[in-house]
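S.K.: Based on the provided sequences and hints, a complete structural model is requested.
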Amino acid sequence: MSSEKRLRLFSGRGFPELSEAVAAELGIPLTPTSAYDFANGEIFVRFEESVRGCDAFVIQSHTAPVNKQIMEQLIMVDALKRASAKRITVVAPFYGYARQDKKHRGREPITARLMADLYKTAGADRLMVVDLNTSQIQGFFDGPVDHLFALPMLANYVGSKVDRTRLTIVSPDSGRVRVADIWADRLGAPLAIVHKRRDPDVPNQVTAHELVGDVAGRTCLLVDDMIDTAGTIVAAAAALKKNGAARVIVAATHAIFSDPAVERLSSEAVDAVVVTNTLPVGPDKQFDKLEVLSIAPLIAKAISAVFDDDSVNSLFPGHA
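Note that numbering that gives the first Met the number 0 has the sequence shown beginning at 0, numbered continuously upward.
Hints may contain errors.
Claimed, not checked - DEER-style ranges, computed between Cβ atoms: (1) Ser33 x Lys101: 32 to 42 Å; (2) Asp36 x Val161: 38 to 48 Å; (3) Asn39 x Gly174: 50 to 60 Å; (4) Ser33 x Asp162: 50 to 60 Å; (5) Ser33 x Asn66: 20 to 30 Å; (6) Lys85 x Lys160: 20 to 30 Å; (7) Asp308 x Asn66: 27 to 37 Å.
Unchecked claim - Heads up, simulated EDC-like pairs for lysine to aspartate or glutamate below, C-alpha to C-alpha not over 20 Å straight-line: (8) Lys80 x Glu47; (9) Lys240 x Asp213; (10) Lys160 x Glu290; (11) Lys160 x Asp184; (12) Lys85 x Asp307; (13) Lys240 x Glu267; (14) Lys67 x Glu48; (15) Lys119 x Asp162; (16) Lys284 x Asp213; (17) Lys4 x Glu24; (18) Lys4 x Asp309; (19) Lys300 x Glu19; (20) Lys85 x Asp308; (21) Lys300 x Glu24; (22) Lys67 x Glu24; (23) Lys80 x Asp116; (24) Lys300 x Glu16; (25) Lys4 x Asp224; (26) Lys4 x Asp54; (27) Lys241 x Glu209; (28) Lys241 x Asp270; (29) Lys284 x Glu16; (30) Lys300 x Asp141; (31) Lys4 x Asp141; (32) Lys288 x Asp180; (33) Lys288 x Asp213; (34) Lys102 x Asp124; (35) Lys80 x Glu107; (36) Lys288 x Glu262; (37) Lys101 x Asp36; (38) Lys85 x Asp124; (39) Lys288 x Asp309.
Keep in mind that the hints were calculated from the coordinates and are not lab data. These numbers were taken from a predicted model, which means no experiment stands behind them. Ideal placement from N, C-alpha and C gives every residue a C-beta, glycine not left out.
M.R.: Put into structure tokens, the structure is as follows:
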């Protein structure tokens, strides 16, 4: 009997094009899988080949409808566990429910922790995620968590397109200052902060307030982990333009783009938007100012490192 390790890649139906791109980078096929919905919405999954003893990586993008994609991935993990896969790694380029990582007020859930518990219960040995909303979510999962960063790829792209001597990195709120500071160090640019206030009783409602830092006549790079309805980022962009910014570029990892994000980002306040494809950016979410970079090479490198028992951190030299 062979004891040689076998890497197997499994894809949910959330964003199969990304899974196919990762498989192409790795030079392996996706494992054939049957998946369909019953009439009442319940999900059925069955793998068409033996998975016994394999090192399994289950890729699923938590795109809309997010609850369905998460449930499908959980069911896939359960099927792998019951079919005697040796190790199961959940690959969630966008980790659903990451925004609820603590209780802001009484009687609220901590769904980022609930997600981690669900994956562990289903049988996951390891999680692989890209740019969590907050790093402490790694501690919610009882096992290894590979936290990948899109920043180097995004920064290299933006840095090649702008005059860095005229560049200012901008945090859209005080909670993103640490990430913005890493961007500033990487690109050798000064830092500015847009202070905002969010109404806790009105979801997705943001008002930008005062600006800390010099942005007049400069190219401003607004950085965030995700763009949902784009209320925060466009309010910040408008504040920058009001304070004399020459150009405003938005860079983010996760392009959720819930309505009316495309309309907002198409406004005069924003000159360019750069995101990755951790989530699908379909034709209905495309617009002239948008550039989408592929996250597939990074995920493939991380999967190879995990499979070969190499360091995943070595993919991000100098990242704090």
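S.K.: Please go over all the hints and tell whether each is borne out by the structure.
M.R.: Hint check:
no.	hint	verdict
1	Ser33 x Lys101: 32 to 42 Å	holds, 39 Å
2	Asp36 x Val161: 38 to 48 Å	holds, 46 Å
3	Asn39 x Gly174: 50 to 60 Å	violated, 40 Å
4	Ser33 x Asp162: 50 to 60 Å	holds, 53 Å
5	Ser33 x Asn66: 20 to 30 Å	holds, 21 Å
6	Lys85 x Lys160: 20 to 30 Å	violated, 44 Å
7	Asp308 x Asn66: 27 to 37 Å	holds, 34 Å
8	Lys80 x Glu47	holds, 15 Å
9	Lys240 x Asp213	holds, 12 Å
10	Lys160 x Glu290	holds, 12 Å
11	Lys160 x Asp184	holds, 17 Å
12	Lys85 x Asp307	holds, 14 Å
13	Lys240 x Glu267	holds, 9 Å
14	Lys67 x Glu48	violated, 24 Å
15	Lys119 x Asp162	violated, 46 Å
16	Lys284 x Asp213	violated, 32 Å
17	Lys4 x Glu24	holds, 19 Å
18	Lys4 x Asp309	holds, 14 Å
19	Lys300 x Glu19	holds, 15 Å
20	Lys85 x Asp308	holds, 14 Å
21	Lys300 x Glu24	holds, 8 Å
22	Lys67 x Glu24	violated, 27 Å
23	Lys80 x Asp116	holds, 16 Å
24	Lys300 x Glu16	holds, 17 Å
25	Lys4 x Asp224	violated, 35 Å
26	Lys4 x Asp54	holds, 7 Å
27	Lys241 x Glu209	holds, 11 Å
28	Lys241 x Asp270	holds, 14 Å
29	Lys284 x Glu16	holds, 16 Å
30	Lys300 x Asp141	violated, 24 Å
31	Lys4 x Asp141	violated, 24 Å
32	Lys288 x Asp180	violated, 25 Å
33	Lys288 x Asp213	violated, 25 Å
34	Lys102 x Asp124	violated, 27 Å
35	Lys80 x Glu107	violated, 32 Å
36	Lys288 x Glu262	holds, 11 Å
37	Lys101 x Asp36	violated, 33 Å
38	Lys85 x Asp124	holds, 9 Å
39	Lys288 x Asp309	violated, 38 Å
When held up to the earlier numbered hints, the structure conflicts with 3, 6, 14, 15, 16, 22, 25, 30, 31, 32, 33, 34, 35, 37 and 39 and fits the remainder.
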